[in-house]
Amino acid sequence: MKDRLDALRGPVPPLAHDARAIAALAANPGCARRAVLDAAGVDKELTARHVGFPAPFGRSRFAITRGDAFEAQVKESGCAELLRLLREVLHLPIPEVAYHDVSDVGAHLRHSHTRRLIDRAARDDGDAGTFYDHPLFALEIAGHTSYLEPDVIAFRLGGRFHVVEIKSFPVIDGQADPVKVAAAARQAAVYVLALRELLRELGHDPMRASHEVVLVCPENFANKPVAALLDVRRELAVLRRQLARMARVEDLVASLPEELTFDLARDASGIPTRPAAELADALGAVAARYAPECMSACDLCFFCRDEARACGSTDLLGRHVRDQLGGVATVSEALALAEGAREPADGQDEIARLLRYAGELRAECLEGLELEGAR
Amino acid sequence: MSALAALARLRAVREGRAQRLTTVRHCHVSDRPMVFVPFQLAGEAAAPLAAMVGTDPGSPRLLVVPQPRDRDLRFAFAAELAEVVLPYVEGFGKVTETVERRNADPYERCLDAPQLVLPNRQGVAFTGLLGRSTRFRRPDGPFPVHPSVPVLGRWLTFFAERASYPGSSLTLAATDALAMHWASGQSDLEDANLAALMGWIDPPPGRTGLQAAEEAEDPLLWPPAGPATDPGFDNEVLAPAIEAYAEAPTAAAVERIRQAVRSQAEPAWRLTWRALELLRALPAGGSVAQRWDYDRGAFTDFLTRTAEGAPPQARRDGAVSAAARLARMERARASFDAQRAYDDPLVMAEYRLTGEAFAGNVVATEPEHTEGEGRSRKLRPLVTVATADPVRLAPGTTLGTPDRRGQEAEVVEVEGGTVTIKITKGMGRGKTPAPGAVPEVGERVCYTSVTDDFQAAAALPEPEMTPWTHGGPPPEYVPTDEDAGEEWS
Numbered sequence: 002m003k004d005r006l007d008a009l010r011g012p013v014p015p016l017a018h019d020a021r022a023i024a025a026l027a028a029n030p031g032c033a034r035r036a037v038l039d040a041a042g043v044d045k046e047l048t049a050r051h052v053g054f055p056a057p058f059g060r061s062r063f064a065i066t067r068g069d070a071f072e073a074q075v076k077e078s079g080c081a082e083l084l085r086l087l088r089e090v091l092h093l094p095i096p097e098v099a100y101h102d103v104s105d106v107g108a109h110l111r112h113s114h115t116r117r118l119i120d121r122a123a124r125d126d127g128d129a130g131t132f133y134d135h136p137l138f139a140l141e142i143a144g145h146t147s148y149l150e151p152d153v154i155a156f157r158l159g160g161r162f163h164v165v166e167i168k169s170f171p172v173i174d175g176q177a178d179p180v181k182v183a184a185a186a187r188q189a190a191v192y193v194l195a196l197r198e199l200l201r202e203l204g205h206d207p208m209r210a211s212h213e214v215v216l217v218c219p220e221n222f223a224n225k226p227v228a229a230l231l232d233v234r235r236e237l238a239v240l241r242r243q244l245a246r247m248a249r250v251e252d253l254v255a256s257l258p259e260e261l262t263f264d265l266a267r268d269a270s271g272i273p274t275r276p277a278a279e280l281a282d283a284l285g286a287v288a289a290r291y292a293p294e295c296m297s298a299c300d301l302c303f304f305c306r307d308e309a310r311a312c313g314s315t316d317l318l319g320r321h322v323r324d325q326l327g328g329v330a331t332v333s334e335a336l337a338l339a340e341g342a343r344e345p346a347d348g349q350d351e352i353a354r355l356l357r358y359a360g361e362l363r364a365e366c367l368e369g370l371e372l373e374g375a376r
Numbered sequence: 202m203s204a205l206a207a208l209a210r211l212r213a214v215r216e217g218r219a220q221r222l223t224t225v226r227h228c229h230v231s232d233r234p235m236v237f238v239p240f241q242l243a244g245e246a247a248a249p250l251a252a253m254v255g256t257d258p259g260s261p262r263l264l265v266v267p268q269p270r271d272r273d274l275r276f277a278f279a280a281e282l283a284e285v286v287l288p289y290v291e292g293f294g295k296v297t298e299t300v301e302r303r304n305a306d307p308y309e310r311c312l313d314a315p316q317l318v319l320p321n322r323q324g325v326a327f328t329g330l331l332g333r334s335t336r337f338r339r340p341d342g343p344f345p346v347h348p349s350v351p352v353l354g355r356w357l358t359f360f361a362e363r364a365s366y367p368g369s370s371l372t373l374a375a376t377d378a379l380a381m382h383w384a385s386g387q388s389d390l391e392d393a394n395l396a397a398l399m400g401w402i403d404p405p406p407g408r409t410g411l412q413a414a415e416e417a418e419d420p421l422l423w424p425p426a427g428p429a430t431d432p433g434f435d436n437e438v439l440a441p442a443i444e445a446y447a448e449a450p451t452a453a454a455v456e457r458i459r460q461a462v463r464s465q466a467e468p469a470w471r472l473t474w475r476a477l478e479l480l481r482a483l484p485a486g487g488s489v490a491q492r493w494d495y496d497r498g499a500f501t502d503f504l505t506r507t508a509e510g511a512p513p514q515a516r517r518d519g520a521v522s523a524a525a526r527l528a529r530m531e532r533a534r535a536s537f538d539a540q541r542a543y544d545d546p547l548v549m550a551e552y553r554l555t556g557e558a559f560a561g562n563v564v565a566t567e568p569e570h571t572e573g574e575g576r577s578r579k580l581r582p583l584v585t586v587a588t589a590d591p592v593r594l595a596p597g598t599t600l601g602t603p604d605r606r607g608q609e610a611e612v613v614e615v616e617g618g619t620v621t622i623k624i625t626k627g628m629g630r631g632k633t634p635a636p637g638a639v640p641e642v643g644e645r646v647c648y649t650s651v652t653d654d655f656q657a658a659a660a661l662p663e664p665e666m667t668p669w670t671h672g673g674p675p676p677e678y679v680p681t682d683e684d685a686g687e688e689w690s
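Chains as they are written, first to last, in our numbering: chain P, 2 to 376; chain E, 202 to 690.
Just chain E, with the same shape it has in the complex:
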């Protein structure tokens, strides 16, 4: 946490209301997201109890497993969930665009992609577990399930994996998305409670954030947003209802469980939609669309592979795919951090505070400064900036700037309150700079050592060339009856 964010939390305490951490929104919010509020039975590894799911805040679909320990009912639940999720997801595959690439064949990309929104991070983890327990099933063989179940499993796994990919918006956890944009007056542990965090950001009229957050901790007023249920609810409401169903599995018994679970799911359902509304109201940052393009690419890719009958995602990555995934995520993290700073002066301010960026007015320029002689003579304009920021940049450091994104510069000298830089890239071949290419005296500029440079993908061997130090080539996945019949209890 930065000093800037710490200060925002202090202010939130005093004002009784959450404070902005950003000036713009850094995640994509779909026009047609799907909200998914899952619940699990306490004590079990991944026994679904219920889920509220849908794309219309006014008409959620409530799916319930009246006896969560019954394997057949679980698969019926999975098939029902697939009925809601798969048409939504696969619907985005119908409209595509052709993307032209330099030095490569053009490819088709879906015009839009699905967005799965969960109340919190634990919901995302549970989505991953549901995916893990269903993706290896098979519609034929000794333990047949509905054909949609393994497909659902792959998609849930896909969504859960994308959630940990920095900058991706295919899966959002409402608490995380909110906490990225607002500082509450409580600790980050308490921010994991969606109702409490929303209380700080959007308190009901006449209440302070603190009062709203205190109310949010009462499980009778605000049941937990899943996937864990309130123990009091389990003991007093759910357990007797499940027992009644076990004695006589009638429609009335099912309805009793449905009513019980609905009371727990509805508040979280409404809060998650409200969270999306708040996020949508923020103006999108400049790079949000570009990141969503990558998301659409990742979605299209997975859609195609699934249609072509690729095997389900492995239980664990092999050595090469794990290294590749880690490298991809590291690059995505660096890129996401840089893009947010470039899109948002308040995020950039964190780097200014630590001396990795500075902003100020141009006090002197030498636009026609050159380096080298004859044919290798190059235009290297010098710009001197007066700044109050505590600059900690060594001469020679490469800099970028949000104002002229194609340019690159280099620190020449830092002295007192001024920094002299040299523009080293993006000046063209001319003898004089193009108009506007070099900042004018009096212009306000910002430079930072945080850059979103293209980094080549890590050089890794093909999986079949995995060295023995890393376990040798991983065995090829062959679906087995054992996988398909794995116990789920």
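Same shape as in the complex, but just chain P:
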């Protein structure tokens, strides 16, 4: 299986997933293309660019600077500010806490160092709080290990570990953008899952990693941080289900042509040399399930949208419309049903009747307007 995935990717190391990418796996679980590419660790961003559909995800320097500055501020002087916040949300009685910066040991040792520290902490029954800054977690995804570099801190208190997630979107008068909070919760769930896996491997009770994560954001319009507890049990369940599905990616891969590969044929300087049309054909061999929501989550979104346009798919119009159309796959088929130019197939009677009647009603109501043209 691993060989097969390696062949799909070509002779480059698999792309490491970060927590954001892992969280996004759950965004469109029905998409085989995404499942296969992610399982093989294909660089989707580069692939999309090479086939002429670069992803629309730029990040502004201003946003990056502000995010980094806020994180640095929260972690300043051994997380002094964070401790103040945790006293409030977790009702900590403790006067002071220990602080371990895991990155002290250098990048290559960070994961094993994280393991050792967490193991020691889990054995220790003491009640002192401890911060672990820059830990490195590992999570197995479809057969190979991804390392997660959280901007988070695992915090231990009374034998329980809490994941702390620092985000720079504001909480204004106690309310934050629900979309951003949901994204933060999905991301934090990835860390909780990785931490639980680690505890399990070390022979400890995985449930000692709490499902309550601490979200730290700037309050109102100032840089002053504020913390809140987030329950990520739902996100954990979705994530686990999705990872289990990815482990079964064999079935998907087995049905693909033997010679299929997404190899970009990079030259010595790393520049892809594979003919773009050939790569596009290879991508086309794995079915995608495009939805407009992909445009906020997947590097290949513009490629898949273009493909959906080429075959006139009703997916283009969004899930609301697709639901209304009762699963009729293409625009032309739906219009033919509406206009009576096509006999409804089995199970399409209902939707055909509805569309035909909708067409008649539109014609009746727009009769007088036709003279003015379509608008």
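It is worth saying that the hints were derived from the structure and are not from the lab.
Where is the CB? At the ideal position from N, CA and C, for every residue including glycine.
Please note that the accuracy of each hint is not assured.
Cβ-Cβ distance ranges computed for the label pairs, FRET-style [to be verified]:
| # | chain 1 | residue 1 | chain 2 | residue 2 | range |
| --- | --- | --- | --- | --- | --- |
| 1 | E | P441 | P | E150 | 26 to 34 Å |
| 2 | E | P441 | P | A364 | 36 to 44 Å |
| 3 | P | V180 | E | R516 | 16 to 24 Å |
Pulled from the structure, derived: some chain E residues nowhere near chain P, Cβ distances all over 10 Å [claimed, not checked]:
| # | residue |
| --- | --- |
| 4 | A209 |
| 5 | R262 |
| 6 | P340 |
| 7 | E391 |
| 8 | A445 |
| 9 | A461 |
| 10 | P546 |
| 11 | E574 |
| 12 | P634 |
| 13 | A658 |
Using the hints, position chain E against chain P.
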């Protein structure tokens, strides 16, 4: 989304052009709107970067914060914005009319009201944030600002709140207003891009809607309509310009930022005005004027309260005011839905498709049918309508009709392709109906269970009587130095 709207989107794909969702316009378009295109600095909670604002499409005012992280410059921006917005808003207070009311004292209402138009919904949200970050400031005390700043904050908050009030047109988001009237050949997520949506509705000559929408996604051709800026623009154009200003805050450095920002704001400015033009060209629905009357009332009310020195809007509603607001918005939603259906056969068609309304020709009438005996004998004409609509109405359901709005009817029987109804209200006291009160055989009629009935306001206690289950009476707002000095970084 209804099947009717889904079909319109399918047609838009095939025709390469947006399709009408309505036969009339359901929002008010002012003769003198103010278009407001704000931009914010990425990554910050509410740091204004620039705004293009004004009432004349030909001469916008461009306000720029050359260093968006500088608090003083932000307040200078707010004061400058107030200079444009407040005279516009307060100007409408000068001419009023006296409105007579039954069983109540007459009151004064402004003859017209301001209308703030933004390119999109995110612009409205940002307007609310700007309002929130300025309305608690004070002209005196330890952190003084220009006296116009807190007043501006209240008005921006007012406009942002009205935007979420169904049927109100005091604040319009161009994308939402357009999407209410036209179905594009793309998803509603993509409709949030004003340039793309306009591409479908009003493509340049020789282009299909799809081609125009594709071009609209190129940030170099069509920069985003704010408040977020294009990351590429931030990194390559804006950041170096701001750095240059930080090194040497000269007039030339400011001008460089102004030019940069102008290139981002101008397309959205033009598109928003064009959107208003397209909307204005549609004939107004029958209830638009009535809803605008309420808007004028709400505006007059707020203008008066502000003049009388009412405190700024609370950060969060107390329990009672939140419940009252929710109830008001629910009633407004029901009323707006019903009015649109009554004003517009194409909106009514959605209810006909789901069986909540039907239309057809009258095949039989019994105009002098009565119920009751003696003094309580009442005229209850029966009308039988033949319809092809899939009626799903139970006997006894109350009905209204767009053709005779004062009347109310009731379903008597639904059988095959005919519906028999009984007119129960609006028949007068006579023994025979007034001419024209009962539809004639052969007349085309439409009845629906969707009605815009008057609903009494929810019975809620006074705020000072809030029960302990809801946190008890909310503390009275007392302005503090802390509010006035709140960090804005």
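Results of checking the hints against the structure:
Remark: the range hint 26 to 34 Å for P441 of chain E to E150 of chain P is upheld by a beta-carbon distance near 30 Å. For the pair P441 of chain E and A364 of chain P, the beta carbons lie near 57 Å from each other, so the given range of 36 to 44 Å is not met. At roughly 22 Å, the beta carbons of V180 of chain P and R516 of chain E sit within the given window of 16 to 24 Å. For A209 of chain E, the requirement that its beta carbon stay farther than 10 Å from each beta carbon of chain P is not met, with the minimum near 7 Å.
Against chain P, the non-interface label of R262 of chain E holds: every CB pair exceeds 10 Å, the least being about 24 Å. With a least beta-carbon separation of about 19 Å from chain P, P340 of chain E lies farther than 10 Å from that chain, consistent with its non-interface assignment. With a least beta-carbon separation of about 6 Å from chain P, E391 of chain E fails to lie farther than 10 Å from that chain, contradicting its non-interface assignment. Remark: the non-interface label on A445 of chain E is consistent with the geometry, its nearest Cβ contact in chain P lying 15 Å away (cut-off 10 Å).
Every CB of chain P lies more than 10 Å from the CB of A461 of chain E, the least distance being 14 Å, so the non-interface label holds. Remark: the non-interface label on P546 of chain E conflicts with the geometry, its nearest Cβ contact in chain P lying 4 Å away (cut-off 10 Å). Under the 10 Å C-beta cut-off, the non-interface status given to E574 of chain E relative to chain P holds; the minimum distance is some 43 Å. Every Cβ of chain P is farther than 10 Å from the Cβ of P634 of chain E; the closest lies at roughly 29 Å, confirming the non-interface assignment.
Its beta-carbon lying about 26 Å from the closest one in chain P, A658 of chain E satisfies the requirement of being farther than 10 Å from that chain.
In this structure, the earlier hints numbered 2, 4, 7 and 10 are contradicted, and the remaining ones agree with it.
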